[in-house]
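So the protein sequences, as listed, match chains A and B. Each step along the first sequence adds one to the number in the working numbering, with nothing skipped, and position 668 is 668. The working numbering runs 1000 ahead of the 1-based position in the second sequence.
Just so you know, these hints were derived from the structure itself, not from any lab. All figures in this text were calculated on a predicted structure; none of them were measured in a lab. Don't take each hint at face value.
Unchecked claim - Among the chain B residues that face chain A by a calculated CB cut under 8 Å, a handful are:
| id | residue |
| --- | --- |
| 1 | M1001 |
| 2 | I1007 |
| 3 | V1029 |
| 4 | G1031 |
| 5 | N1042 |
| 6 | T1056 |
| 7 | A1059 |
| 8 | N1063 |
Note that the Cβ used here is the ideal one computed from N, Cα and C, for glycine as well.
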Amino acid sequence: MSMTIGFIGNPNCGKTTLFNAYTGANLKVANWPGVTVEKTEGSIARNGEEIRLVDLPGTYSLTSYTMEEQVARNFIMSGEADVIIDVVDASVLERNLYLTLQLLELGKPVVVALNMMDIVKKRGAEIDMHRLPEMLGCPVIPISARKRTGLSILMHAAEHHKDAHLHDPLIHEHPYGSHHRHDHHSEFAMVYSDDIEDKIDIIMDALKKKYPDLENLRWHAIKLLEQDSEVCRDYPVDLPDVLDRSYESDIINQKYDFIQEIIDEVLVKSERAEALTEKIDGLLTSKIWGIPCFLGTMAVVFLLTFAFGDWIKGFMEVGIDALSSGLSAGLESLGASPVVQSLIVDGIVAGVGGILTFLPNIFILFLALALLEDSGYMSRVAYVMEGVMSRLGVSGRAFIPMILGFGCTVPAIMASRTLENVRDRHKIMLVTPFMSCSARLPIYILFSGMFFPKNPALIAFCLYVGGLLTAIIVLAVIHAIDKRKDPGRLLIELPDYKLPGARTVGIYVWEKVKDYLTKAGTTIFIASIILWVLMSFGVSGYTADMSESFAAGIGKAIVPFFAPIGLGIWQITVALIAGISAKEVVVSSCAVLFGINNINSADGMTQMAGMLENLGFGQLNALCLMVFCLLYIPCAATLATIKKESGSAKWMFIAAGFQLAVAWVVTFIVYRIGLLVF
Amino acid sequence: MKLSQCIPGRTYRVKNIDLPEALSKRLEVLGMIENTPVSIYNRKGKGILIVYVRGTRLALGVNITENITVEDSGEGGKR
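Just chain A, with the same shape it has in the complex (with noise of 0.2 Å):
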């Protein structure tokens, strides 16, 4: 015979990566009947027996006010599973409890597996392991999700509990004593007043003589009490004197209160962490010092990303160089055609080569954001920019999407999920783009570089603040015409201070590393590969003469769209349209179609600015192709997340319409005033 496995807990507590961990690749998704929640389904076979797993959508309370509980709390009342593994983020025991209790309350055998461990040991807590299952009443079988410990042990619990009717030994200890005719202490886990305690003996009664099959009277006389819309609707009874009011609210802080009794007595917390995140939160979130210390935190962030990483930069030039020289040279002596040598040396080397050195660049400032992150800081900023970003009409919740915004444009747009208001989600979409991403910093490195060779840092520093600002204005613009105010409320949770863990910080910044590797070598790759092929052909064939290719072509077509504002040269056109496949592309362009095989060099730059200033494009162009960079339309991948997020293509067309229009505006205003001063 086979058993039917439900598991079940509060979204992010890692019920998915443990029930991926036991299934593998063997999966069927499929919808609960009636409602569009998905539901995972998978097998495994242990012991000679196949045990079907169910892996129920994550929630924080078996309430029927959401879809996700109402499918969590009909599937375990359906008796089709066997055993409920509830999976518990130890980190936060406090909260995950509270659906714990909820189950144990339903009546069916509960296992609790005991999910991030790791995270509490780091933390310097302890969790009594022996006193949790004795104050719950079922098995708690530490593992670890990710790390794939304990899975055998909990499978191994599930299987001897799926017949245990009545619960493990209860050994309860509260501080008050109970008058109560029943010693419900050693039956139940979770005991209330002796006043709620009365009524729902009575109204058991009154359950049992009016529906005489029903199972688990306790339960449906708890919901009673609650005034559960479900459960009033389908067993009514008639007991006006007993369900005078709602008792939800008694019902649940008295859940809490002995959720708190547990907590004091199975979690030994390190008061040296909660006394330091006091300390800490005394500085990071005060009136005054709140915002200077946050923006102290970017400029370092800023500084480190241009200072040591244009150090370690130096090295990667050199070492493109050699490769670029000895691929020359190389080619050159298996009398490869003149074709080929320039697609590769002049195309792929000089296109994906020049993206490849600015990987120290955005290796340390992914760093530096998951440093943030880790520590418990990024959700402080929520706090501290609520005041200025409330007047804004945004929750100031939403400031953080802006900040990964530094990073990438996608996942920051990924994080604006978070938001719970609709409103605040759109407008966040509109101007999360504006925040300068790591993508764009390559640009202004080669352009400042190549045209403020003094003071480079502190030009890319006014690019982002300008893009900050120009996302702000939009906001207050936006708030100022928005006639249904509806603004969104902050409401976040604030983590004990951590150091960083190598671990966690390691994964986010390979990720992101790879993400941009990944990018180097298939669409900068593509974008390199096309670029070369329409600046190499023209109408008559193969051409070194790159004023009669394609590209010249359609450059010159749109060089009129460009020209009021600044940037009225056909190579920087078609470099700035090959951008929107990615913006790093910009930079790989130029250096193609100026045909430079290591921009990033100082020889590389001098050529370049050389042939740039022959053309009339001086410092002024450089100062509006970098603004016009920083504003216009946001990468390929960028717009597709867009699309998905706010689930519209009509929204992607209006955010990519819209940016190029404030782009324009803004290079058009920067370059007339600059007509004036430079």
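Following the hints, complete the assembly by docking chain B onto the known chain A.
Structure of chain B alone, referenced to chain A:
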């Protein structure tokens, strides 16, 4: 009194929460409902707060705190 008017370092008891259902449900899950004790850690502006509720530190905006009524529980803050 409103939660937004509370003083850091003191503990209050929630009397009433007047917020859209989605939000009050989220607060409920965090253990913040009628009669829950709330300690105030930090306050700025017109009532942007850092509070301590049931083992969790929360930052709350003014448009939440001004819709929550509390009474002074007469206890000092649990800090």
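Outcome of the hint check:
no.: 1; hint: M1001; verdict: 20 Å, violated
no.: 2; hint: I1007; verdict: 14 Å, violated
no.: 3; hint: V1029; verdict: 4 Å, holds
no.: 4; hint: G1031; verdict: 5 Å, holds
no.: 5; hint: N1042; verdict: 6 Å, holds
no.: 6; hint: T1056; verdict: 6 Å, holds
no.: 7; hint: A1059; verdict: 4 Å, holds
no.: 8; hint: N1063; verdict: 5 Å, holds
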